[in-house]
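Number of protein chains: 2
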Amino acid sequence: MRRVLTTGILFTDHYQLTMAQLYFRSGLGERPARFEHSFRAYPDYGTHQAGYSIAAGLAPFVDWMLQSRFDASVADALRSLRSGSGGAIFEDDFLEWMQEIGGFGDVSLWAVPEGRVVHRNTPIAIVEAPLVMAQLLESSLLNHLNYATLIATKASRVVEAAHGGSVLEFGLRRAHGFGGIGASRSALIGGAEFSSNVGISHELGIPSKGTHGHSMVQVFMAIAGGELEAFRAYAEVYPDDCLLLVDTINTLESGVPNAIRVFEELKSRGHRPVGIRLDSGDLAHLAVRSAALLNAAGFADTSIVLSSQLDELTIWQIRNQVVEEAPNYGLDVDQMLARLVYGVGSRMATSDGDPSFDGVYKAVAVKDGAGSWQPAIKISDSPDKLALPGVKSLWRVYDERGIATADVISLVGEDLTRRPLEILHPTRPGVGRSLEGSQVSAVEALLEPVVTEGKVVARLGDISEARSRRVADLARLDTGVRRLVNPHTYHVSVTRPLLELKQTLIQAHRTG
Amino acid sequence: MRRVLTTGILFTDHYQLTMAQLYFRSGLGERPARFEHSFRAYPDYGTHQAGYSIAAGLAPFVDWMLQSRFDASVADALRSLRSGSGGAIFEDDFLEWMQEIGGFGDVSLWAVPEGRVVHRNTPIAIVEAPLVMAQLLESSLLNHLNYATLIATKASRVVEAAHGGSVLEFGLRRAHGFGGIGASRSALIGGAEFSSNVGISHELGIPSKGTHGHSMVQVFMAIAGGELEAFRAYAEVYPDDCLLLVDTINTLESGVPNAIRVFEELKSRGHRPVGIRLDSGDLAHLAVRSAALLNAAGFADTSIVLSSQLDELTIWQIRNQVVEEAPNYGLDVDQMLARLVYGVGSRMATSDGDPSFDGVYKAVAVKDGAGSWQPAIKISDSPDKLALPGVKSLWRVYDERGIATADVISLVGEDLTRRPLEILHPTRPGVGRSLEGSQVSAVEALLEPVVTEGKVVARLGDISEARSRRVADLARLDTGVRRLVNPHTYHVSVTRPLLELKQTLIQAHRTG
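Same order as they appear, the protein sequences are chains A and B. Under the numbering used here, the very last position in the first sequence is 512; numbers go up by exactly one each time. Under the numbering used here, the very last position in the second sequence is 512; numbers go up by exactly one each time.
Honestly, the hints are just simulated from the structure, not real lab data. Mixed in with the good hints, there may be bad ones.
Pulled a few chain B residues facing chain A out of the computed Cβ check, cut under 8 Å [said to hold, decoys possible]:
no. : residue
1   : T6
2   : F178
3   : V198
4   : S208
5   : T211
6   : I223
7   : A224
8   : A363
9   : S393
Computed footprint of chain A on chain B; a stretch qualifies when at least three of its residues, placed anywhere within it, have a C-beta under 8 Å from a C-beta of chain A [what the hints assert, rightly or not]:
no. : stretch
10  : 71-84
11  : 141-155
12  : 231-245
13  : 257-267
14  : 342-355
15  : 372-379
If you only want the chain B side, here are some residues facing chain A, beta carbon under 8 Å, derived [stated by the list, open to error]:
no. : residue
16  : L5
17  : T12
18  : R25
19  : Q49
20  : R174
21  : S196
22  : H202
23  : V219
24  : T248
The beta carbon of each residue, even a glycine, is placed where N, CA and C say it ideally should be.
Produce the entire structure from the sequences given, and follow the hints as far as they go.
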């Protein structure tokens, strides 16, 4: 009961409910309304910046939406809230009406599928529903999609920095509560190969991974011998998964020599040791030194897992340092880099440097009494932040090389097959491009129908499909946009009809 | 079923289970073991730093622990995991043994209560349990306590920056998934007066708060008049809770004048308007200008709620700017500051600047075959990071003014009533203090029994008690330690017997 109240339909902000009651009182509650989810800026981690984001969170959000009910227990909870006068804030007729609606069964949702590259100031999810329910959806939609997209984006960067080296997600212990479940899921979408998080990995059908921590070695040191005995015990139980954490006492003087001894024993029994993990100290230097010891003992094919405060920048620096140091120890640089595996924890699971995603959910159109869509706008913002009004579509235009050259926002129903295709800067007057047929290899609609009046109409939640989408989209994204530091700005454009609608509305409200 | 698997006992890292099976195979699984939760550094937000932390997360963690079961569905999930050889990683006898244990019914837990000030490198929670279960608890304990303590700490700083101004927690839309529930709860412990999060506020017995967003005004602009009509509709439905968001069109030219018009209508009907909210632009400047307009219209007693990217530093800057600007508009500075309310969202709910708490969970002692505690240690760390071994207690020493002067870690059973009380620096040899009776007003044990062999023995989860503890502790904390930027370092000391145990162990393992 308690968990249902905190994670169900009341996983929302109070003002969504006060607005819902106001719409009900004003006779607007059932008016069809359209809201859009977009984000205003890519994550900026301070010393480095994202030039793209990876959409994520859709399947868990849809699960939440279709399972959440406005039932009697919810009404009871709300009935207890008092207004400044001491009376009930939420009155019985409203609460009864909400219980009749019952949930999000009238919602339709379009979205860019999980795993796809998405860009700022474009509608990446669109909700159409009776006003009261479209409004009530805001907090949870933003919570689910913002966070997941934030972490998938971070993971994608970490994976790019690893240049083909496997990335393991280890962040549960410092993730934000049960948000850790979404962190693991989003990291897997963003390209992490495996996660240590057992429950969500099982749910997604991807095996969880992990070996042992310092505590195991400490326990053996305290009551059952020492590091060597701990390693032997581990090798005994897991002869074909023997990856040993070597830094509990001293990496080069104790951990690696003990690991090699145990690897030799394993080898003599016909097993192939997996490798070692380094979790403290100068990881690049210790990796090179450990590799030299392992190679000398005939274990050149073992992995070296690195962990401890890794993110895209530290991985980049570690790889650079390895390239410099490896030759000093007679190691082949490529082979050295190829054996590295990255265990990435806190910094990926919390998007260190920029832990919140700047996503918003804005009303863009409401139907008037005659059933016509009326565009909605908020005009106090600076031009850059100003959301685009109206009932819109989102497209991706690929150039003659097949590389994405712009995301284009149009009004619904516009014809984007016409050539030349005129695309305009959304805020700088007169700036735009006119693309000839020879310059455009494809124009792709990015938004897919996900839920139609409460029914799921898309294939949702397949992680391997989401991962494939990311790989395919990155291959079609300019390398400058993918740069870890100070990336090139990707073009987001609008069509002329949309720009004119926006300008007309601003004019009308400023003069009206 | 699915949710149970992701949020139950498998809300853990894979290596806890591989270690558990290894302890089982090695015959160590039921050995009593002691693990400690401590943190190595206060949050460092880059431009500002915490000098203390606020403990939080205990009640939700204990709930999780006592509800989590190792049942057949868990065993089935684990049975599907394959080793490198293709066989099962987790074997049937281990899975059956775990199902017999069933859960955390043998765990005992001591902790510093929620809401209390806590310091780095001290044991703030201690687990004693059969080794296998003490180990298995790690991931979830750290997840629950790290995150909650991080956010309670951030909230406490925000509340201190507000200098008595009310702080409202608004972070759900950008919090990390269902971690947003813990964010709201922790912010309330840290001193936020109310939260917008409806579900958790209801569960905690604190009313949720909120009014309306831009979308409401936009909807009226699109199909039912404009901002004035939106405000009128709001005042009609909520005449005694009328707080209006005034920045949808233009704060000073449209929002505030329209709000004043509606306030006058309310007043004439015998209601007292509550105030306005500003969510964009130069908040300090707009607050002063809005206050001047409100005062001129006879609404000097209304609140001005500020929101948009607030944290402790921005609140500090806003208050400074208000102090400078208020006199230019004929406003009384104290009255002006007193009417400000702070709606704090993303930056508090994600601990912007430092989104992960550096908490660790370390084995400190295990019983040997004869039933004696054997201290455990990890010695590869630098001296500052080195965890203290053994079965320990934690104390707070208050000076003659009643101000906390040091947290002291001792071995269990030591007599801290002796005077002079010798307390030593944990890592710098020869550095310490000898406190005479006249210099010590009290020595307080900080750890309280929370769970004894699976039974809750403490009063848990009362938010108002936790809030009172924070207020009382801050009143006894040096103001220099509470400073927002570059705070004074609080002393954490150890007793001589503990220091000697540590040195003996290091010696033994280095020479052994």
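Evaluated hints:
| no. | hint | result |
| --- | --- | --- |
| 1 | T6 | holds (4 Å) |
| 2 | F178 | holds (4 Å) |
| 3 | V198 | holds (4 Å) |
| 4 | S208 | holds (4 Å) |
| 5 | T211 | holds (6 Å) |
| 6 | I223 | holds (5 Å) |
| 7 | A224 | holds (7 Å) |
| 8 | A363 | holds (4 Å) |
| 9 | S393 | violated (20 Å) |
| 10 | 71-84 | holds (count 7) |
| 11 | 141-155 | holds (count 6) |
| 12 | 231-245 | holds (count 8) |
| 13 | 257-267 | violated (count 0) |
| 14 | 342-355 | holds (count 7) |
| 15 | 372-379 | holds (count 6) |
| 16 | L5 | holds (5 Å) |
| 17 | T12 | holds (6 Å) |
| 18 | R25 | holds (5 Å) |
| 19 | Q49 | violated (16 Å) |
| 20 | R174 | holds (4 Å) |
| 21 | S196 | holds (4 Å) |
| 22 | H202 | holds (5 Å) |
| 23 | V219 | holds (5 Å) |
| 24 | T248 | holds (5 Å) |
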